[in-house]
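Colleague: Count along the sequence shown from 1, then add 341; that gives the number in my numbering.
Check the hints yourself; a few may be wrong.
As the list claims (entries may be wrong) - Below, simulated BS3-like cross-link-like pairs (lysine-lysine); rule was C-alpha separation at most 25 Å, straight line:
id, residue 1, residue 2
1, K352, K363
2, K365, K377
3, K363, K377
4, K352, K365
To be verified - Quick list of the computed label-pair ranges, beta carbon to beta carbon:
id, residue 1, residue 2, range
5, E353, L379, 30 to 38 Å
6, G375, E353, 26 to 34 Å
7, Q380, Q345, 40 to 48 Å
8, S343, K386, 44 to 52 Å
9, L379, E355, 24 to 32 Å
10, K381, K344, 47 to 55 Å
11, K344, K386, 46 to 54 Å
12, K386, K352, 34 to 42 Å
13, Q380, E351, 34 to 42 Å
14, V354, Q378, 31 to 39 Å
15, I383, V354, 29 to 37 Å
16, K377, H349, 39 to 47 Å
Keep in mind the hints are simulated off the structure, nothing from the lab.
In this text, all values refer to a predicted model and were calculated from it rather than measured experimentally.
From the three backbone atoms N, C-alpha and C, an ideal C-beta is built for every residue, glycine too.
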Amino acid sequence: MSKQNINHLEKEVELKYKKKEKRKTQKMKVSGAGVKQLQKIIKGKGK
342 MSKQNINHLE KEVELKYKKK EKRKTQKMKV SGAGVKQLQK IIKGKGK
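Whenever a hint applies, use it, and build me the whole structure from the sequences.
Modeller: Structure (structure tokens):
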């Protein structure tokens, strides 16, 4: 592969990664109560 192709692929991967990170942070902001519910479930399974 040429250097141009590699650079282009790296940029695409970075963009996809950034979008995923944004989605994660948005979900976390929206569902504070949801996170507490998840923690309860996880603690229940751990015992």
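Colleague: If a hint holds in the structure, say so; if it does not, say that too.
Modeller: Here is how each hint holds up against the structure:
1. K352 with K363: Within the cut-off at roughly 17 Å; holds.
2. K365 with K377: holds, 16 Å
3. K363 with K377: This hinted pair holds, its Cα atoms lying about 21 Å apart.
4. K352 with K365: Status holds; Cα separation ~20 Å.
5. E353 with L379: 30 to 38 Å: holds, 31 Å
6. G375 with E353: 26 to 34 Å: holds, 31 Å
7. Q380 with Q345: 40 to 48 Å: Since the Cβ atoms of Q380 and Q345 sit about 47 Å apart, the hinted range of 40 to 48 Å holds.
8. S343 with K386: 44 to 52 Å: holds, 49 Å
9. L379 with E355: 24 to 32 Å: Between L379 and E355, where Cβ atoms are some 29 Å apart, the hint holds.
10. K381 with K344: 47 to 55 Å: Check passed, 51 Å falls within 47 to 55 Å.
11. K344 with K386: 46 to 54 Å: Once the Cβ atoms are compared, 48 Å apart, the range 46 to 54 Å for K386 and K344 holds.
12. K386 with K352: 34 to 42 Å: For K386 and K352 the Cβ distance comes to about 40 Å; the hint holds.
13. Q380 with E351: 34 to 42 Å: holds, 36 Å
14. V354 with Q378: 31 to 39 Å: holds, 33 Å
15. I383 with V354: 29 to 37 Å: About 30 Å separates the Cβ atoms of I383 and V354, which means 29 to 37 Å holds.
16. K377 with H349: 39 to 47 Å: holds, 42 Å
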